[in-house]
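Engineer: Now for the letters of each chain:
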Amino acid sequence: MIWFKKDIFTNGEAAEGKSVKVPFGLWVKCDHCGEIIYKKEVERNLDVCPKCDYHFRISARSRINITFDEGTFIEFDANIEPVDALDFKDLKKYKDRLKSSQKESGLRDAMITGEGEIGGQKAFAAVFEFSFMGGSMGSVVGEKITRAIERAIEAKCAMIIFSSSGGARMQESILSLMQMAKTSAALAKLREAGLPYISVLTDPTMGGVSASFAMLGDVIIAEPRALIGFAGPRVIAETIRQKLPEGFQRAEYLLEHGMVDMIVERKLMKETLSRLLSMLVRPR
Amino acid sequence: MYRHWLEFEKPVEEIEKKIEELKTFEATGNLKSTDEIAKLEKKAKTLLKEIYGKLSPVQITQVARHPDRPYTLDYINGAFEDFIELHGDRCFKDDAAIVGGLARLEGEACVVLGQQKGRNTKEKVHRNFGMPHPEGYRKALRLFEMADRFSLPVFTFIDTPGAYPGIGAEERGQSEAIATNLLVMSRLKVPTIATIIGEGGSGGALAIGVADRVMMMEFSTYSVISPEGCAAILWKDGAKADLAAKALKIDAAELIKLGIVDKAVKEPIGGAHRDPQTAIKNLKAALVAQLKELSAIDPGTLVEARYGKFRAMGFYSEPKR
Chain U
158 MIWFKKDIFT NGEAAEGKSV KVPFGLWVKC DHCGEIIYKK EVERNLDVCP KCDYHFRISA
218 RSRINITFDE GTFIEFDANI EPVDALDFKD LKKYKDRLKS SQKESGLRDA MITGEGEIGG
278 QKAFAAVFEF SFMGGSMGSV VGEKITRAIE RAIEAKCAMI IFSSSGGARM QESILSLMQM
338 AKTSAALAKL REAGLPYISV LTDPTMGGVS ASFAMLGDVI IAEPRALIGF AGPRVIAETI
398 RQKLPEGFQR AEYLLEHGMV DMIVERKLMK ETLSRLLSML VRPR
Chain X
10 MYRHWLEFEK PVEEIEKKIE ELKTFEATGN LKSTDEIAKL EKKAKTLLKE IYGKLSPVQI
70 TQVARHPDRP YTLDYINGAF EDFIELHGDR CFKDDAAIVG GLARLEGEAC VVLGQQKGRN
130 TKEKVHRNFG MPHPEGYRKA LRLFEMADRF SLPVFTFIDT PGAYPGIGAE ERGQSEAIAT
190 NLLVMSRLKV PTIATIIGEG GSGGALAIGV ADRVMMMEFS TYSVISPEGC AAILWKDGAK
250 ADLAAKALKI DAAELIKLGI VDKAVKEPIG GAHRDPQTAI KNLKAALVAQ LKELSAIDPG
310 TLVEARYGKF RAMGFYSEPK R
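So the protein lines, in turn, are chains U and X.
The opening position of the first sequence corresponds to residue 158 in my numbering, with each subsequent residue numbered one higher.
The opening position of the second sequence corresponds to residue 10 in my numbering, with each subsequent residue numbered one higher.
So that you can see chain X by itself, here it is in the shape it has in the complex:
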């Protein structure tokens, strides 16, 4: 059924293979084994639920990067209507690693955008593995400003290993492009909702993530650095990614506790990649609910509340002298 089994899913894979075998056997007209199949299917489901109920941080990272996971365009096409893609940053080029445009959510016009990964090799290269260049962030900026001018709510979908580290990206101002988005997003006079749907990779993720509400799909991650990168630097050993993932606190539950993320959106049993339709449905319901809340707030209050939200992030002590 699934081509991409993760290491920790192996016990389920074995059962599912057995089910397949039995089904094939049945199809040849031999022995009926309906009861056996039903039993195994139930067992697989229970096992899947059990495994996904206690994923370690590094395993969540693997789910967040799963190649069958719904991507930004899947969510946009599945949860929104009438998507009109808009292209280009008007400065240099159209960056395929960020897609965006106009759409409707239950009839209401809005701006949607997010990092887009590719499914096959050709598409992956075209999308640059979801790693935007400055022009991608400047396309996003253009859409943010457009949303502001036409009073359209903004929905962003975060799914990137990080902003691309390359010569051209540096020459054209990767830092400046990200920084400007942080500044501009903080002052938008329209409701903004960001959702991390897969990988939330550092500044490249935050560059479209300074929003009134920040949500995370249940098995997505958000981090200042990848567990592998962190392990290579702090543990001097990239293979210590499991330790780094744990130390970094990158999953939705931890980030909600830290006050960084507002809400986790439930994924179907066994992750969004097993049942994208349910994941999309769940996210849509959450987006509609959040927008309803935010739409009731006047723009001035909205901007001040957003400032206060990010202003409060961080921990320090201030002993009196």
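This is chain U alone, in the form it adopts within the complex:
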């Protein structure tokens, strides 16, 4: 993982006259407080800024590693691949966008699903990879989530979805919109089966993802400062031609307005999920 795209420390101007040159990628700058921090220190802290507690976005793999008990996670449907059914081309071809995202992330699409144990509690999970086309939801994301939910129903097990997504994938047009209906219908079945669903909202959870499974949790947890909403802040500001209130659409704002149950820091997430699961899963 390389945090710095620009090699600012070898650039005298940006480093403000400091003579010490730091090798590329050893340090990261916090997006929130602007503090320059040793990368290892951030990683040790679960990718949370040690100075201001800002939660960096993390990959799906890292999320799985810090959430599931070691060696318990079994991945589902890793071979499902996106196709360009609409032959979509904007300034770039969708096919090419997919290829470059696949190359960069090592994943076939923006979603990893599987099952494992969290503090000894069994759970099925779907985890978004934000770096893959902004975690956008197309047919593969919808299909993998739906299959994971259906498997959870069959195994009489709890479901957890970790969202991190800009919303629907425009390049799949109406097909991406329909994934909202498909996943929500699967959750309706899970609900009827009396099985719990915990939705974890991480930065960002927007648009079609927010307006479907992300807001349907029996319990909804948000990470600190995560941006969560239906419409993007820029669209809203342009529509209403007003300044948006301080902290608008942040996790804390949603908690205040009754839209999420709690805000949980990353270091307490695993323990919280485990405690919730132990109370929600009925003994059978």
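Everything labelled a hint here was simulated from the structure, so no lab data went into it.
As the structure is a computational prediction, the values presented were derived from the model and not from experiment.
Don't take each hint at face value.
[Stated by the list, open to error] With a straight-line cut-off of 35 Å between C-alpha atoms, the simulated DSBU-like cross-links for lysine-lysine are: (1) U:Lys250 - X:Lys245; (2) U:Lys256 - X:Lys245; (3) U:Lys260 - X:Lys249; (4) U:Lys256 - X:Lys131; (5) U:Lys250 - X:Lys266; (6) X:Lys131 - U:Lys400; (7) X:Lys293 - X:Lys58; (8) X:Lys249 - U:Lys249; (9) U:Lys246 - X:Lys329.
Position chain X against the provided structure of chain U, taking the given hints into account.
Structural biologist: Below, chain X alone, put in the same frame as chain U:
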């Protein structure tokens, strides 16, 4: 005749203006030109048919948004009898961007609802341009649940640029309101028929569109994002809406091919705005036929079939490793 001519209708407008002129001239007692008028009228009709026979996606978008197009209340009042409007979400307020209530279709009681746009400036503001707030979706939810309790079929009419993007809408849970409707609609034990009558704008449309049958009026659109919005994001230029409209595949013919929409309902020549009565009549016939089919299916099978319908949507490949 028509106040709102679309750009691509200009050739027809010119002929119709000429007809008007001739008619006025005739009315003053001068020269008879009945033959000439009849000829021009025929020409206008042929031209209209030709133009509407090959509309581009972005032109269909313009027809779908035409200010003279029949709106939800026109269809409800025209195709149904005995409409009793019901108001409010019981939580916050009555959202005028969604109307709904009880009605009868050929005598049979049912629940009807849909987004409602306004005709004049005052009404447009009152209806918020057909863009619902969460309370609109929660009113719809209340009606869905009522339909379920009293075994009434549900008819929804979709006509919205999208759910409203505003501060209050976010604070009161626009996402949650839409999401809950998707979940609840997927399990209703009664026949549900959704028709896109104008604009089917993204999640705000889908929130009343998870139905056993999804139909579209011939010149309506259904899309994840408006062509303008898509062009602004992907082409970095809102003026590229024509390219975006084409790429997004937003018209009835394309959506039927993709398995998203079940049926297109024919509009009169030149679009529903030229002859709302015929559009209403056509839709009513389609609604009656669809309901007849669905009423024969038992509730359990209906719900499972609905699940299967949406479950199958999407394209992906699954190569064996």
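Engineer: Measure nothing beyond the straight line between the CA atoms of Lys260 of chain U and Lys249 of chain X; if it is 35 Å or shorter, mark the hint as holding.
Structural biologist: 30 Å, holds
Engineer: Between Lys250 of chain U and Lys266 of chain X, does the CA-CA distance stay at or below 35 Å?
Structural biologist: The given pair, whose Cα atoms are some 22 Å apart, holds under the 35 Å limit.
Engineer: Between Lys250 of chain U and Lys245 of chain X, is the straight-line Cα distance small enough, at 35 Å or below?
Structural biologist: Holds: Lys250 of chain U and Lys245 of chain X sit about 15 Å apart, inside 35 Å.
Engineer: Between the alpha carbons of Lys131 of chain X and Lys400 of chain U, is the straight-line distance 35 Å or under?
Structural biologist: 26 Å, holds
Engineer: Verify the proposed pairing of Lys293 of chain X with Lys58 of chain X, using a straight-line Cα cut of 35 Å.
Structural biologist: Measuring from Cα to Cα gives roughly 23 Å; hence the hint holds.
Engineer: Has the given pair, Lys246 of chain U with Lys329 of chain X, been kept, meaning a C-alpha gap of at most 35 Å?
Structural biologist: 28 Å, holds
Engineer: Does Lys256 of chain U pair with Lys131 of chain X here, judged by a C-alpha cut-off of 35 Å?
Structural biologist: 50 Å, violated
Engineer: Is Lys256 of chain U close enough to Lys245 of chain X, meaning Cα to Cα at most 35 Å?
Structural biologist: 22 Å, holds
Engineer: Next pair to validate is Lys249 of chain X with Lys249 of chain U; report whether the Cα-Cα distance is within 35 Å.
Structural biologist: 14 Å, holds
Violated hints amount to a single one, hint 4; each of the other numbered hints is respected by the structure.
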